[in-house]
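There are 2 protein chains.
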Amino acid sequence: MQTKEIRFASRPSGIPSNENFQFVDAEVPPLQDGDVLLRSLYISVDPYLRGRMREGKSYVTPFEIGQVIESYVVGEVVDSRSPDLKPGDVVSGQLGWRLYNVAKAKQLMKTIPGVSPTTALGVLGVTGLTAYFGLLDIGQPKQGENVVVSGAAGAVGMTVCQIAKIKSCRVVGTAGSNEKNEYLRNELGIDATINYKTADISSALKAACPNGIDVYFDNVGGAVSDAVLPLINDRARIVICGQISIYNADRPAVGLKPEPALLVHSAMMRGFIITQYWPRFAEGISQLAQWFKSGQLKHAETIVEGFENTPNAFIGLFRGENLGKQVVKISG
Amino acid sequence: MQTKEIRFASRPSGIPSNENFQFVDAEVPPLQDGDVLLRSLYISVDPYLRGRMREGKSYVTPFEIGQVIESYVVGEVVDSRSPDLKPGDVVSGQLGWRLYNVAKAKQLMKTIPGVSPTTALGVLGVTGLTAYFGLLDIGQPKQGENVVVSGAAGAVGMTVCQIAKIKSCRVVGTAGSNEKNEYLRNELGIDATINYKTADISSALKAACPNGIDVYFDNVGGAVSDAVLPLINDRARIVICGQISIYNADRPAVGLKPEPALLVHSAMMRGFIITQYWPRFAEGISQLAQWFKSGQLKHAETIVEGFENTPNAFIGLFRGENLGKQVVKISG
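Protein sequences appear in the order of chains A and B.
Its first residue numbered 1, the first sequence is counted upward by one per residue in my numbering.
Its first residue numbered 1, the second sequence is counted upward by one per residue in my numbering.
For reference, chain A alone in the conformation it holds in the complex:
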């Protein structure tokens, strides 16, 4: 049996382009005991994959040239040699960008019945867990505190904003279009938003945070972070979840040094990777699902159709084309 797959053709310099990806016809290997054959329904494209396209030491193994790109994929079981999954089951897992994947059943998770399977790539998946543990475990927001979220209209940022509201914080988000900001305010109840592309970030942030900033959840880095630092309060917590503004840079980023502000305010800055919370994933999913079912937590997504558009959907992340989770619909 044949599949199509997307391989990593060359390392990007700057923003990735279609040339960095290669579509290849390949043979689907036969199932071994414990395996299932999956037809891809939805593929998740994520900013952090840019890090895997870089050579050298990083927190995830770099992609090798010629390797099939991997990310979270939702698929339907079409054949099974595992007692745990049967044809028709819908599951998610870390899989290749392929029309058909062969995978170990025990490395897959069934999607939650009664909700869109794409939530497994968003609020009820690793995206939601990243927001949940990053904000609550590292940011430790307290009732009434001021939380600023950069990349607030992205999949993680949007979930962070909502969890901070659930925790009775005042939430200010930055995003790159008026439409995104209106969505954050009107649909998600975020207290204030800033369009970082059109506003003077420093003065807008100062006006939006008259009582300073207690928690900064950073998905973006760069100019927004430089504007945050002078406004942090004593004992502020800065969560470094992503730095999308500089993922495509070829040189180390230079800018306002945070050390003086951290010193003066006895403040803290911490990076994390979601896999370190693996032992607590069940706790996180359970809480996220409860909020989702009660309507306190919404899932927003931007869907691009067609396997052939997977690289474009990924590249679009760096132009801010997505509101919420960027997903590619393969079939379904």
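It should be emphasised that the hints constitute simulated quantities derived from the structure, not laboratory data.
It is possible that part of the hints are untrue.
Computed cross-link-like contacts, DMTMM-like style, restricted to lysine to aspartate or glutamate with a CA-CA straight-line distance of at most 25 Å [unchecked claim]:
hint	chain 1	residue 1	chain 2	residue 2
1	B	Lys104	B	Glu70
2	B	Lys329	B	Glu76
3	A	Lys110	A	Asp33
4	B	Lys106	B	Glu5
5	A	Lys293	A	Asp89
6	A	Lys206	B	Asp250
7	A	Lys206	B	Glu76
8	A	Lys293	A	Asp137
9	B	Lys165	B	Glu179
10	B	Lys206	A	Glu55
11	B	Lys4	B	Glu64
12	A	Lys142	A	Asp89
13	B	Lys142	A	Asp137
14	B	Lys104	B	Asp84
15	A	Lys142	B	Asp137
16	A	Lys104	A	Glu283
17	A	Lys110	A	Glu70
18	B	Lys206	A	Asp250
With chain A fixed as given, assemble chain B onto it according to the hints.
Structure of chain B alone, referenced to chain A:
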């Protein structure tokens, strides 16, 4: 009765100069119940005082123009209206730069008998506590880990280096002269040192830390920190204790952004001020005194003689003139 005192005459721009200080003759106020009259023996001059000379929000109240400068002072009781202290007792406390101070007895601490009273300004005082809690509580060094200390020949840095050795770490220090570095290696047993004024810091640090850096205790900031970031290990802890390289800058510091390294390595950076550990001071002093008495922890100091040289001793800190604790001997 008359005293001489040193008032804050004007806010420095850049490195402080003698013009920023004014020597004034003043009347010693009469003692109230609970007060003692102290003759100054030793005055501590500390880099962080530069922060108090700046206007605006900071972690310690800024000095007002015309105010007497304050820091830790060791003095001898010459008159007492407190049952807790009697003439001849030697105490330390946060006092004015004066020949004679009147102070509340309960805000003073007796120096430890049998050791030089200047240790109350160094390893057995706030300096030692800063090293103790900053390294152990924030840095959390584990046996065999690699600890880098900037400003390693300063009062705090030197104590950090020694505590890290007591905790069986491999310790690399940076300091600004070969004499200081020889002292660190030969007298204190530090594993490797770098003269940041003559070495290529990046390559020297890389050579000195073949297994990366787990804990960075930063007293200095600037170029040393920029060289540390590319070498940190996963879960590294960066303790921001001071930033002497930029205290005199008139603009916010710009340099290598630490966020990408913190993200990739799930690492942490935290500033602190020693007063937040107040409830644990007794624990800290007790442990420091035990190490000091057993010879595991040494106190080094640079003594300048004469009250009139107090501003110069302070200014000299920014030229790195001190090895260990910089103290001014007033009488004694």
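Status of each hint after checking the structure:
Proposed proximity of B:Lys104 and B:Glu70 is supported: the alpha carbons are some 15 Å apart, at most 25 Å. With a CA separation close to 13 Å, the supplied pair B:Lys329 and B:Glu76 stays within the 25 Å bound. Proximity of A:Lys110 to A:Asp33 is assessed by CA-CA distance (about 19 Å); at most 25 Å being required, the pair is judged to hold. Using a Cα cut-off of 25 Å, the hinted pair B:Lys106 and B:Glu5 holds, with the two alpha carbons roughly 23 Å apart.
Distance hint between A:Lys293 and A:Asp89 is fulfilled; the C-alpha atoms sit about 21 Å from each other, no more than 25 Å. With a C-alpha separation of about 22 Å, the suggested pairing of A:Lys206 with B:Asp250 holds against the 25 Å cut-off. Note on A:Lys206 and B:Glu76: the hinted pairing is violated, with a Cα-Cα distance of about 50 Å set against a maximum of 25 Å. The suggested pairing of A:Lys293 with A:Asp137 holds, with an alpha-carbon distance near 23 Å, which does not exceed 25 Å.
Proximity of B:Lys165 to B:Glu179 is assessed by CA-CA distance (about 20 Å); at most 25 Å being required, the pair is judged to hold. Restraint check: the Cα-Cα separation between B:Lys206 and A:Glu55 comes to about 20 Å, which is no more than 25 Å; the hinted pair holds. Pair hint B:Lys4 plus B:Glu64 holds up; C-alpha atoms about 19 Å apart against a cutoff of 25 Å. Taken as a hint, the A:Lys142 and A:Asp89 pair is broken in the structure, with Cα atoms around 40 Å apart against an allowance of 25 Å.
Between B:Lys142 and A:Asp137 the alpha-carbon distance is near 23 Å, which keeps this suggested pair within the 25 Å criterion. For the hint linking B:Lys104 to B:Asp84, the alpha-carbon distance of about 10 Å falls within 25 Å, and the restraint holds. Distance check on the hinted pair: A:Lys142 and B:Asp137 sit about 23 Å apart at the alpha-carbon level, within 25 Å; holds. In summary, the hint linking A:Lys104 to A:Glu283 is supported, as the alpha carbons are separated by about 24 Å, within the 25 Å threshold.
For a cut-off of 25 Å, the pair hint linking A:Lys110 to A:Glu70 stands: about 19 Å separates their Cα positions. With a CA separation close to 22 Å, the supplied pair B:Lys206 and A:Asp250 stays within the 25 Å bound.
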